[in-house]
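If you read the protein sequences in the order shown, they are chains A and B.
Going by the working numbering, the first residue of the first sequence is number 1, and it counts up by one from there.
Going by the working numbering, the first residue of the second sequence is number 1001, and it counts up by one from there.
Bear in mind the hints are in silico, worked out from the structure with no lab data behind them.
Quick caveat, the model's predicted, so the values are computed rather than measured.
Each residue gets a CB set at the ideal place from its N, CA and C atoms; glycine is no exception.
Treat the hints with care, as some may be off.
Unchecked claim - Pulled from the structure, derived: some chain A residues nowhere near chain B, Cβ distances all over 10 Å:
| # | residue |
| --- | --- |
| 1 | ILE17 |
| 2 | GLU81 |
| 3 | PRO84 |
| 4 | ALA129 |
| 5 | ILE170 |
| 6 | ARG230 |
| 7 | ILE241 |
| 8 | ASN326 |
| 9 | TRP370 |
| 10 | GLU372 |
| 11 | GLY424 |
| 12 | TYR486 |
Unchecked claim - Capping the alpha-carbon separation at 25 Å, the derived lysine-lysine pairs in DSS-like fashion look like this:
| # | chain 1 | residue 1 | chain 2 | residue 2 |
| --- | --- | --- | --- | --- |
| 13 | B | LYS1363 | A | LYS463 |
| 14 | B | LYS1449 | A | LYS363 |
| 15 | A | LYS449 | B | LYS1363 |
| 16 | B | LYS1363 | A | LYS363 |
| 17 | B | LYS1363 | A | LYS151 |
| 18 | B | LYS1151 | A | LYS363 |
| 19 | A | LYS363 | B | LYS1463 |
There are 2 protein chains.
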Amino acid sequence: MLKSALPENGTVTTGPIYRSHKIYNEVPFGDLTLRIPARRIDLTTGEHFDVYDTSGIYTAEDPELDLERGLAPVRTWERAEAVPASEENPSLKVQTQLAWARAGVITPEMAFCAAREGMAPEFVRDEVAAGRAVICANKNHPEIEPMIIGKAFAVKINANIGNSAVTSSIAEEVEKMVWATRWGADTIMDLSTGKDIHETREWILRNSPVPVGTVPIYQALEKVNGDPTRLTWEIYRETIIEQCEQGVDYMTVHAGVLLRYIPLAANRVTGIVSRGGSIMAAWCLKEHRESFLYENFAELCDILAQYDVTFSLGDGLRPGSIADANDEAQLAELKTLGELTLIARSRGVQVMIEGPGHVPMHKIPVNVEWEEDWCHGAPFYTLGPLATDIAPGYDHITSAIGAAMIAQAGTAMLCYVTPKEHLGLPNRDDVKVGVITYKIAAHAADLAKQHPRAQERDDALSKARFEFRWHDQFALALDPDTALEYHDETLPAEPAKTAHFCSMCGPKFCSMRISQDVRDYAAEHGLETVEALEAGMKEKSAEFSAAGDRVYLPVVES
Amino acid sequence: MLKSALPENGTVTTGPIYRSHKIYNEVPFGDLTLRIPARRIDLTTGEHFDVYDTSGIYTAEDPELDLERGLAPVRTWERAEAVPASEENPSLKVQTQLAWARAGVITPEMAFCAAREGMAPEFVRDEVAAGRAVICANKNHPEIEPMIIGKAFAVKINANIGNSAVTSSIAEEVEKMVWATRWGADTIMDLSTGKDIHETREWILRNSPVPVGTVPIYQALEKVNGDPTRLTWEIYRETIIEQCEQGVDYMTVHAGVLLRYIPLAANRVTGIVSRGGSIMAAWCLKEHRESFLYENFAELCDILAQYDVTFSLGDGLRPGSIADANDEAQLAELKTLGELTLIARSRGVQVMIEGPGHVPMHKIPVNVEWEEDWCHGAPFYTLGPLATDIAPGYDHITSAIGAAMIAQAGTAMLCYVTPKEHLGLPNRDDVKVGVITYKIAAHAADLAKQHPRAQERDDALSKARFEFRWHDQFALALDPDTALEYHDETLPAEPAKTAHFCSMCGPKFCSMRISQDVRDYAAEHGLETVEALEAGMKEKSAEFSAAGDRVYLPVVES
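Between the sequences and the hints, there should be enough to build the whole structure, so can you do that?
Structural data, given as structure tokens:
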């Protein structure tokens, strides 16, 4: 991994990724012209390959940046008229993607997402209307390039950043956001828990090209010096409004932690591992009543609806170990999240559902089935899950295994896990490893789901590999810099970039070279096509067919 | 990752792994006493946890080593009498684990493997007799600690080492072998293709505590200066005997590459990617006849039988890209490997079958079904497979996803892939990353298969995590050094090793600490057991039950 030095305070990583450049495809929408971002990879053949790109202007050549002012707004269009929140609440008028979709309106955000994913705007609208997809876009966050999260679309990944009381600065966190989106993060969650929470979030929001999520209870807890039992609805409400005003696009809310579920977690191997979940559990036990999140959920919905902020209903009782996977506490809370989903939708608010955690492979697919059944098809957003507990230091890998499987089963967005999980706060290099690892899991799932276009990149890279177009192989990789660095460790010379072998086998043993020789040999003998080769084989094949295509008989009999 | 410096020429890494020590459990077997190796992890609670250990004497405290003489022999016992190779060949007498098992004999190797896996010797014998498991143990390789490969046993992993014409020395390769087994490699394959092939192999064999595999065609090709078309049966035969005499335990033989299958691979995206496969294809095309491996297969079997060397029937036509997965060429060869399996078994030779390669997740499980059906239940030994082609530099991860899934489906041994795959020769750090990554995939599969004892380690580590026994959490990890290093990056002080938080959340936000507070709170109020807690909840619960356990009603109605 390239250990890129941290940029000086206040600056961030910019410039194109290896042999590619930023492009914008212009798509007309009514009077508007939507500029859909993509990254164009330039191949040595003169062709190019375009990929979905979340990195914003930062990967352009010499981008004009003013971090203090923030990015130029993308969503400059007017919002559509308010429409009824739902059939249940026809008199409640809101301006949310969900309500508009239900009303049959295709918003610029929907058209933008459709163009970005190569789907029809009507399809995007229908998925949002059904609640199977969400577009996280706070009306106060005009800087973002709209994206969609749903099982019918490419699997998305989230990167968590944020300082803690123990380490890291604002400048570091802003750079982590730019760095994470450079490598493919589709959303960012700011989980800051230390000082300057508001300030850190402001810097991230104003400069992020992707939706930003938070867990508001963390900031609320700061306001009561970290004593969960001193939390009140008023403090939480004030915090939510503050963050909605700032432009946060989605919020994790642990409203499903009910008093009667807490005993179910008491004798687990790892108890309650969700920070938000343990905070609410402490509050409920102390107050001996249901949480202020649960009891004021309808009001909470109406606040989020005013900004079109999306709920990410948190799994406060998710399992934190293989032993606790799929247990009663987890399932009880999931059912409650399903009930809250209906309430939120009835008030026009979009909903995602958060999932585990730690789950062995054989218990993974049923998690998606339960979530889709009980939570009415809301997009599932899972943390891994880790497929084993025994590899701290490698939990990006233990969780990539679970993440790929749960995404194949229908999870819409994967929250990354870095090598530092369970051990410490990820640094810049950990963030990159986490993002690339989760791009792998998400793409593997897109392939398994046979998502349109997913395999094109695999085919382009493999073709380059077979043709010894090393530069193209690197350029088409998720992380060209690392691929190039590894190759150059043993064969640094530029000629090696066109050599028909690598140091793994050496020149004499390169199977791809020999494989090419086979083709050349066939060509020399006028057998360059499969048909011709087969014809050339025909006589020989006939002999074997006569022997019933069986193994050379004398061998069997001797 | 700890970048351990390469030891000086001729020395290797020795000494115990963090907070553990080597033990041997003595198991009587007839007049013999078998010494079964294990690694005992010492916990701060005074308890200990024993794990399967492949590292040999190297992880003992100050082991007495003489690399030039090699390890002291473990298999000092006499071999049992020769028995009939099979019902088909009753007059052919051999001394192989397969023939003995069929004759009802339990060998010391079988008893050793049984004790090591915590199974009954009779069960091991029956699995070997059925061909569902193999014990790779050349009679000329007495230094190894016997191990078993089969779907009924713990999933095993292989680490490839070996120098190429381009890089690395003998000393490096011996250290890579010791290093790979230190971290958990169950077998080693020496894929050397450069100079000193015989010498390198001798050093590795004499010093390896685990079975060693090779691909003899590589050395045979060296003897004809790398021109596949100059290969002959005589040269190959001489090479095979040389390696059998040396003590190689299993050999990859690409006898399934038939002339008529070659056209099937000609129009693939990546053609033939197996080195052995492409070598044989080139030979077959030039000679326009079936390979000498195929035509002399029976004689080959009889040579291997003399030493009890196991076949690893190679998949010379395995797919080298997502596009080529599960294609006609791959399947045609697999069927032929099934026919060769019956021939080998009929002559008393043990067989494993090698598998892909590159396969998207949705096409993985059927590979195991085909292999088990067509190859009569022979242990499957796969290379990954990679679940996507787009991440060179991270193919340990792209393949760990596929490896975990294919092992869950029944694959017995996984050949590791390092971060350098497709780019260069792995160095010492790459070998460690590859091994740990594959231990993760194998263990995740053992959990998914609900293998006896598999979850015990997850539970022990998670319990240590919840109780903030940091040292125990590190010690129980697959790679304690890296876990410790990552933790210390942000919280180096020794007190932090007992602190009830980590830098990830900081003291105020540690969910596990808060979770403990919840338990303490419950205890203070006489609610320390689940029952008591539930009792304490009863009144409150009653109210909710009265409301039909539904969400707070006014919310729904307002």
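Against the structure, the hints:
1. With a least CB separation of 14 Å from chain B, A/ILE17 remains clear of the 10 Å interface cut-off, as annotated.
2. Remark: the non-interface label on A/GLU81 is consistent with the geometry, its nearest Cβ contact in chain B lying 24 Å away (cut-off 10 Å).
3. Every Cβ of chain B is farther than 10 Å from the Cβ of A/PRO84; the closest lies at roughly 16 Å, confirming the non-interface assignment.
4. With a minimum CB-CB distance of about 21 Å to chain B, A/ALA129 clears the 10 Å threshold, and the non-interface call stands.
5. A cut-off of 10 Å between C-beta atoms confirms that A/ILE170 is not in contact with chain B; the least separation is 16 Å.
6. Every beta carbon of chain B lies more than 10 Å from that of A/ARG230, the smallest distance being close to 12 Å; the non-interface claim holds.
7. Every beta carbon of chain B lies more than 10 Å from that of A/ILE241, the smallest distance being close to 19 Å; the non-interface claim holds.
8. Every CB of chain B is more than 10 Å from the CB of A/ASN326 (nearest about 13 Å), matching its label as outside the interface.
9. Once the 10 Å rule is applied to beta carbons, A/TRP370 is consistent with being away from chain B; the minimum gap is 17 Å.
10. Under the 10 Å C-beta cut-off, the non-interface status given to A/GLU372 relative to chain B holds; the minimum distance is some 19 Å.
11. Under the 10 Å C-beta cut-off, the non-interface status given to A/GLY424 relative to chain B is violated; the minimum distance is some 4 Å.
12. Residue placement check: A/TYR486 does not keep its beta carbon more than 10 Å from all beta carbons of chain B (closest about 4 Å).
13. Taken as a hint, the B/LYS1363 and A/LYS463 pair is honoured in the structure, with Cα atoms around 21 Å apart against an allowance of 25 Å.
14. Distance hint between B/LYS1449 and A/LYS363 is fulfilled; the C-alpha atoms sit about 11 Å from each other, no more than 25 Å.
15. Restraint check for A/LYS449 and B/LYS1363: satisfied, since their Cα atoms lie roughly 11 Å apart, inside the 25 Å limit.
16. Taken as a hint, the B/LYS1363 and A/LYS363 pair is honoured in the structure, with Cα atoms around 20 Å apart against an allowance of 25 Å.
17. A distance of roughly 20 Å separates the Cα atoms of B/LYS1363 and A/LYS151; the hinted pair therefore holds under the 25 Å criterion.
18. As the CA atoms of B/LYS1151 and A/LYS363 are separated by approximately 20 Å, the hinted pair is consistent with the 25 Å bound.
19. A distance of roughly 21 Å separates the Cα atoms of A/LYS363 and B/LYS1463; the hinted pair therefore holds under the 25 Å criterion.
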